[in-house]
Amino acid sequence: MHLGESISTTWQTLRGNKLRAFLTLLSIAIGVFSIIFVMTSLGALQNSIEGGLSALGSNTFQVQKYANNEGGGPGWHMRTRNRQDLTYAQGLKVLEGTTGAKHIGLEVWKFGVEVRWRNVKTNPDIFLAGETPGGLPTNQWDIDLGRGIMQSDLDLNRKVVVLGSELVRMLFPPSYNPVGKTVSVGGRRFKVIGTLEAKGGLFGNQDKYFIIPITTFFEAYGRRRSIHIMVQARSRENFEQVQDEVIGILRAARDVPPGEENDFALFSNESVIRQFNEATGMVRIGTLAIAGVALLAAGIGIMNIMLVSVTERTREIGIRKAVGATRGSIVSQFLSEAVVITILGGLIGIVFGLLAGNILAVALEIDPVIQFGWIGFGIAACVVVGVSFGTYPAWKASNLDPIDALHYE
Amino acid sequence: MPLIHIKDVVKTYDMGAELVHALSGVSLDIEENEYVAIMGPSGSGKSTLMNVIGCLDTPTSGLYEFTDQNVGDLDDNELAEIRNRKIGFVFQTFNLLPRSTALHNVELPLIYSGVTAQQRREKAEQALVSVGLGDRMTHKPNELSGGQRQRVAIARALVNDPSIILADEPTGNLDSKTGIEIMQLLVDLHEKGNTIILVTHEEDIAAHAHRIIRLFDGKIASDEVVAEPLIYAKAE
Chain P
1 MHLGESISTT WQTLRGNKLR AFLTLLSIAI GVFSIIFVMT SLGALQNSIE GGLSALGSNT
61 FQVQKYANNE GGGPGWHMRT RNRQDLTYAQ GLKVLEGTTG AKHIGLEVWK FGVEVRWRNV
121 KTNPDIFLAG ETPGGLPTNQ WDIDLGRGIM QSDLDLNRKV VVLGSELVRM LFPPSYNPVG
181 KTVSVGGRRF KVIGTLEAKG GLFGNQDKYF IIPITTFFEA YGRRRSIHIM VQARSRENFE
241 QVQDEVIGIL RAARDVPPGE ENDFALFSNE SVIRQFNEAT GMVRIGTLAI AGVALLAAGI
301 GIMNIMLVSV TERTREIGIR KAVGATRGSI VSQFLSEAVV ITILGGLIGI VFGLLAGNIL
361 AVALEIDPVI QFGWIGFGIA ACVVVGVSFG TYPAWKASNL DPIDALHYE
Chain V
1 MPLIHIKDVV KTYDMGAELV HALSGVSLDI EENEYVAIMG PSGSGKSTLM NVIGCLDTPT
61 SGLYEFTDQN VGDLDDNELA EIRNRKIGFV FQTFNLLPRS TALHNVELPL IYSGVTAQQR
121 REKAEQALVS VGLGDRMTHK PNELSGGQRQ RVAIARALVN DPSIILADEP TGNLDSKTGI
181 EIMQLLVDLH EKGNTIILVT HEEDIAAHAH RIIRLFDGKI ASDEVVAEPL IYAKAE
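Residue numbers (this note's numbering), protein chains in the order written: chain P, 1 to 409; chain V, 1 to 236.
Same shape as in the complex, but just chain P:
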């Protein structure tokens, strides 16, 4: 109704008692801060996981012996400990039998190898991958120099390697072309046939890949290990159909009786994001609960301050009534004062929450985000707190008798 008037009187009130104003704003700011801080950090984390997951590519899913986070539930270990490995032979059946896929890659991993070139040696933290030709596109590895893994490399067990960009940077001088050079892992020598474009990753640069043909891998390190199958569907539309196709082929290859669960795990970007959301859901709920309690406490504080303010300003209320303020205008004045205070506190909380959340994001080397939805939620929460705890003081103010109020000392 008289919003300008309310804002200016609120400003006068706040200036008139700076410490009290500071403490009141602080109480509401803390509640909103906790919401915005946690939601911003989780949002940044989620974005970056989604970004990092695009390593898996769009419309791509992966089959492994166990799901990444499988486990839990009574009897899980008993049910799954006899699982057979996913064998190369089963992988080849998928590779040959799946009709709807754009790319299919079979891969095996060995983590933490040490790579040498001449007298340069890396730390033993390089990821060694044995891949089929389809493993490069399904991992979204793009060739920078040279070429990728080809079928003939597999057929001939060639001792060739494609190097990740970070590995190139570690081993070779700047702008040196490593294609054609020979590097070694554990005494085995490999000829460099290509390098990958830099991609970066979730927690720092992860392009420390040493990619060799999968058959060469088996020859060097043995076959007794479970492979991963990476499948990229042609489109969003046939994603599920391709999944069903792969599941069918694998169940047949692994003799899974009808009606029994798959004895292997499928996951995609979507399923990983879902898992992340499930894991962080409790954090979000916990944060909202704590913020709710903080805002409740802040609301009670605001009610207290408003009641003090009504008493202190009894005479002012009398004056306003004498010159023609109705009950409604007194209610709206004090109510909007309460809401202006809560929104002001909320904005402070939002600013600091965004700052803190994004400082954390930058510290974790992930992209900062602004969660507009949660900012809106924070402001809405402030309005609700202001209105619900400001109503009683405002009602009390509006009910003062003008004559008594004018003579209040």
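Simulated from the structure, these hints should not be mistaken for lab results.
From the three backbone atoms N, C-alpha and C, an ideal C-beta is built for every residue, glycine too.
There are no misleading hints in this set.
Now the stretches of chain V that chain P is said to cover, found in silico as 3 or more residues with beta-carbon under 8 Å:
id, region
1, 48-59
2, 75-82
3, 85-96
4, 105-117
Away from chain P, derived, C-beta distances all over 10 Å, residues of chain V:
id, residue
5, LYS7
6, VAL10
7, THR12
8, ASP14
9, ASN33
10, TYR64
11, GLU65
12, GLN69
13, GLY134
14, ARG136
15, GLY172
16, THR195
17, HIS201
With chain P's structure known, arrange chain V on it following the hints.
Leaving out everything else, chain V in the frame of chain P:
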């Protein structure tokens, strides 16, 4: 048709243990452009009468018609609107908003009558100029002398072109010289056509009025026309 028509008005306060009869059967008419002083010792009911006339309070019984409206029939919001548009109050203790400028204090009634910000400012400035405070608009009450504060209050009372100006002991908190200046201002306003009702217990102050109503124990003791009102009292 009188501006104010009061007939057998009774005002009783229930103080818990006893009933206090502040007004026990008051009847009077006040015409437009009168200058009336209401006098009486403390406890005589003059403040209560002023509150009733100013629509801050309603009679317990009896009839009060203000500009042909029966005030007893009005609800809170309608009373507020009458106070806003038809009555200008001037108080003994000035009753200005302490943290607001003179200009904002004068604008206050206009805020509640829904006047636009620009018109508010213009009217408030005019009112302040008319009481001789054109150069004090941005001062706050504590930066003004007592007389200046009362002038701000008078400007506030005037700003909405009210039907009556109700002044309750307007010089009570001022020294005599400043008091006389304020009384001159009221005389000027009367001459310009305003209706003024002055509540006071001081004979010198009441002497400016054209009619003096004396209250005693909640009843009118006398109601006389002043033969020669005091006009333009000199400061010396």
